[in-house]
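Visitor: Make the full structure from the sequences, and use the hints.
So that you can map any letter, position 62 of the first sequence is 62 in UniProt numbering, and since no number is skipped, the others follow by simple counting.
Everything labelled a hint here was simulated from the structure, so no lab data went into it. Where hints are given, some of them may not hold.
Cut-off 25 Å, straight-line C-alpha distance, at most; resulting in silico cross-link-like pairs (DSS-like, lysine-lysine) [what the hints assert, rightly or not]:
(1) Lys365 / Lys432
(2) Lys254 / Lys284
(3) Lys249 / Lys229
(4) Lys229 / Lys216
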Amino acid sequence: MFLRLSTKLLNISIASLCRAKQLEKAEAAMIDGIRLGVLPDVVTYNTLITGYCQFVGFDAGYSVIHRMREAGILPNVVTYNSLMAAATRHRLLSRCVDMLEEMFEMGIVPDIWSYNTLMHCLLKVGKPDDAYRVFHDIILKNMTPCQTTNALMLFRNLQRHGYIPEIVTYNILINSLCEAGMWKTVMTLFEELKELGHYPNTITYTTVMKCCFRCKHFKEGLEIFMEMKRKGYAFDLFSYCTVIGALLKLGKWKYANNYIAHMIKIGYELDMASYNTLINWCCKKGKLEDAYNLLNVAEDMGLHGDKYTHTILINGLCRAGNIDIAQRHLNHMKMMGFDCLVAHNCFITGLCKVGLLDYALQVFKSMDTKDSFTYSTLVHNLCRAKRYRLAAGLLLSCIKAGMIPLGADQRAVIAGLARISSPRDAKRFKNKIWRAKLLHY
DNA sequence: GACTGAGTTG
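Guide: In structure tokens:
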């Protein structure tokens, strides 16, 4: 602990010396530190590298890597990103690429900043086409939701350099923003691309529409759908499934029936996702026999039921109160090796609905993966059964596993505890939740 | 020229 803290202090002082262009003093500080038993770490060397690159030159910075290795410290992604940034500052494209290649050789995985820097370097030396390719082929394709904001930033960077993105690029970006739940940004981008004179295609519309529905902006989603229709866009299976799914969720049967008829009429060969939409439609109407018949039709067409098909059917059975058959179907699904998480959640909901709460708890214990739905369902039903202490325990373990249950269920537990024991007890539990959220989320 | 989009549980 002492050593780590000291190294941190050493690093802070070396950083301020480097910023003040006092590289010799920084070196002296490092030697003093070693003499006192404070060993430099990768951060220390990275700081020095940045200083040398800035005030002496790229090669001076790069040579620090050898000293690092001699000291038994391996360079990391930050080391190379710093060197790439330095190469970019000096317009040394080949050195920038060298650093990226060296990273690969060392088994270091370049991150979004590495590619961002490479892109900047390409822009700086007048190779905007290659910069665009880096953005398009590498950054967008390797994006995770938490990196979406970075990608958006890069996208804006490119636009400032006069780039006109292709519609596909917009589509990929919009889809990533949707996965990250950034509905407002999606809508802004969608309006913007139209204003800039781009032509959104069916995929753009479908993706924006899906985003609206996923973020519970049904009215706006249906407006996008109407706009698509008004402008004469061709509907394909994807767009039909998207809109039908939303209408089924809203319980708008008349419209759903209408578009299902359209989807069948357009004459595209239905795929499994389309059959799943139809099977879900039957299940929601309570026509389970029709649902199973549709699965048979799909299988006759050479298609195979997937995890969605089985989950939809199990959910349908549970909603109809056919717990025994649902259990059998779930066992069958497990045996076939499908991912059964959502199916389990539906089954648990079904069990609670018919009053088999203790059996639902047993099923819960047997599950190897759980999500916030699993926990929320049980917490909700335990509260209804006034079993607040057990609900509180589950709520806490859910948060400790890094998941957030519904706010309404959290409030129900707190209110329940206050009622059965004391307001003080409830407050203590509230604090526990607060702490758990800070630590685990 | 391809790369992109749909379907299951609160």
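Visitor: None of the hints should be skipped; say for each whether it holds.
Guide: Status of the hints after comparison with the structure:
{"no.": "1", "hint": "Lys365 / Lys432", "result": "holds (23 Å)"}
{"no.": "2", "hint": "Lys254 / Lys284", "result": "holds (13 Å)"}
{"no.": "3", "hint": "Lys249 / Lys229", "result": "holds (21 Å)"}
{"no.": "4", "hint": "Lys229 / Lys216", "result": "holds (21 Å)"}
This entry satisfies every hint, going by the numbered hints stated previously.
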